[in-house]
Amino acid sequence: MTASFAIIGLLTIAGATAAMSLRNLVHCALALTVAFAGLAALYLQLDAQFVGFAQILVYVGAVAILIVFAVLLTRSSETPGASRLTRAGIWGVAIAVVVFGLLTAMISSSPAVRHPAPPIPAATVRDIGNQLMTKYILPLEIIGLLLTAALIGAVIIAMPEKEAE
Amino acid sequence: MTPLAGYLVLSAMLFAIGLAGALTRRNAILVLIGIELMLNAANLNFIAFWRYGANPEALTGVMFVIFSIGLAAAEAAVGLALIIVAYRHFRTTDVDKMSSMKG
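Line by line, the protein sequences give chains A and B.
The numbering of the first sequence is my numbering, which starts it at 1 and goes up by one.
The numbering of the second sequence is my numbering, which starts it at 1 and goes up by one.
Keep in mind the hints are simulated off the structure, nothing from the lab.
For each residue, glycine too, the CB sits at the ideal point set by N, CA and C.
This list has only true hints and no planted wrong ones.
Computed spacing ranges between beta-carbons, pair by pair:
{"#": "1", "chain 1": "B", "residue 1": "Val95", "chain 2": "A", "residue 2": "Phe53", "range": "30 to 38 Å"}
{"#": "2", "chain 1": "B", "residue 1": "Met98", "chain 2": "A", "residue 2": "Asp47", "range": "40 to 48 Å"}
{"#": "3", "chain 1": "B", "residue 1": "Phe90", "chain 2": "A", "residue 2": "Ala117", "range": "45 to 53 Å"}
{"#": "4", "chain 1": "B", "residue 1": "Leu71", "chain 2": "A", "residue 2": "Arg87", "range": "32 to 40 Å"}
{"#": "5", "chain 1": "A", "residue 1": "Thr2", "chain 2": "B", "residue 2": "Arg91", "range": "48 to 56 Å"}
{"#": "6", "chain 1": "A", "residue 1": "Ile120", "chain 2": "B", "residue 2": "Phe90", "range": "50 to 58 Å"}
{"#": "7", "chain 1": "B", "residue 1": "Glu57", "chain 2": "A", "residue 2": "Leu102", "range": "31 to 39 Å"}
Among chain A residues calculated to face chain B with C-beta under 10 Å, some are:
{"#": "8", "residue": "Gly9"}
{"#": "9", "residue": "Leu42"}
{"#": "10", "residue": "Ile67"}
{"#": "11", "residue": "Val71"}
{"#": "12", "residue": "Val97"}
{"#": "13", "residue": "Val99"}
{"#": "14", "residue": "Phe100"}
{"#": "15", "residue": "Arg114"}
{"#": "16", "residue": "Ile120"}
{"#": "17", "residue": "Gly144"}
{"#": "18", "residue": "Leu147"}
{"#": "19", "residue": "Ala154"}
{"#": "20", "residue": "Ile156"}
Excised from the complex, chain A in its bound form (with noise of 0.2 Å):
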């Protein structure tokens, strides 16, 4: 538990929060924005440089601008005044209260966390490289396959569609 540990993951939950309870539309976006940073910087903590990186390109400078473009197009970022506080939202905060509980008391029973830290492992770009290109060579062009159907399908999916005559 050191200190940036502590900062980045303050900064994280916040952003979290953030984004899960703010009123307007694109602050939400920009708070989900600094969860995603401070995600990344966890990942490059945790000397996963290649996913830190691919977690700004990916989450940071895609995902991020993908949302706010909707939330552009949909001119929903004006919310209705009227009181959250339902029933049913009680019960949501209940349910991920109560799964939060459950999760961390497995997690302080578990011996797997008790294990002394191994040293650093090494994950260059050269080994992940190698790896995606032999072991992981199915699942990548699989991933492939379906980043391009998905793109061609989205953009099926939005365009206008046509009056019916």
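Using the hints, position chain B against chain A.
Frame of chain A, contents of chain B only:
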């Protein structure tokens, strides 16, 4: 608290926040944001277990996260396209008001 436990608790907290958001917010975009947060919590778990677990040289956790990030990008693109289409149809992104099919 060991470092691994710290990361796991942080990830559990992120998951709970995402779950609470996905369950309570009425805006479809915010529900999607909550799902993204939950996905990210799972990714953090993978990386933490890779870093502090056995056999880190196999890079299994890193590979899982790389593919998971790719999947999440595809999911976000399709999900937001669906939300835009639903908005065009219902003129709202409130998931409570999108209650009718074929209308």
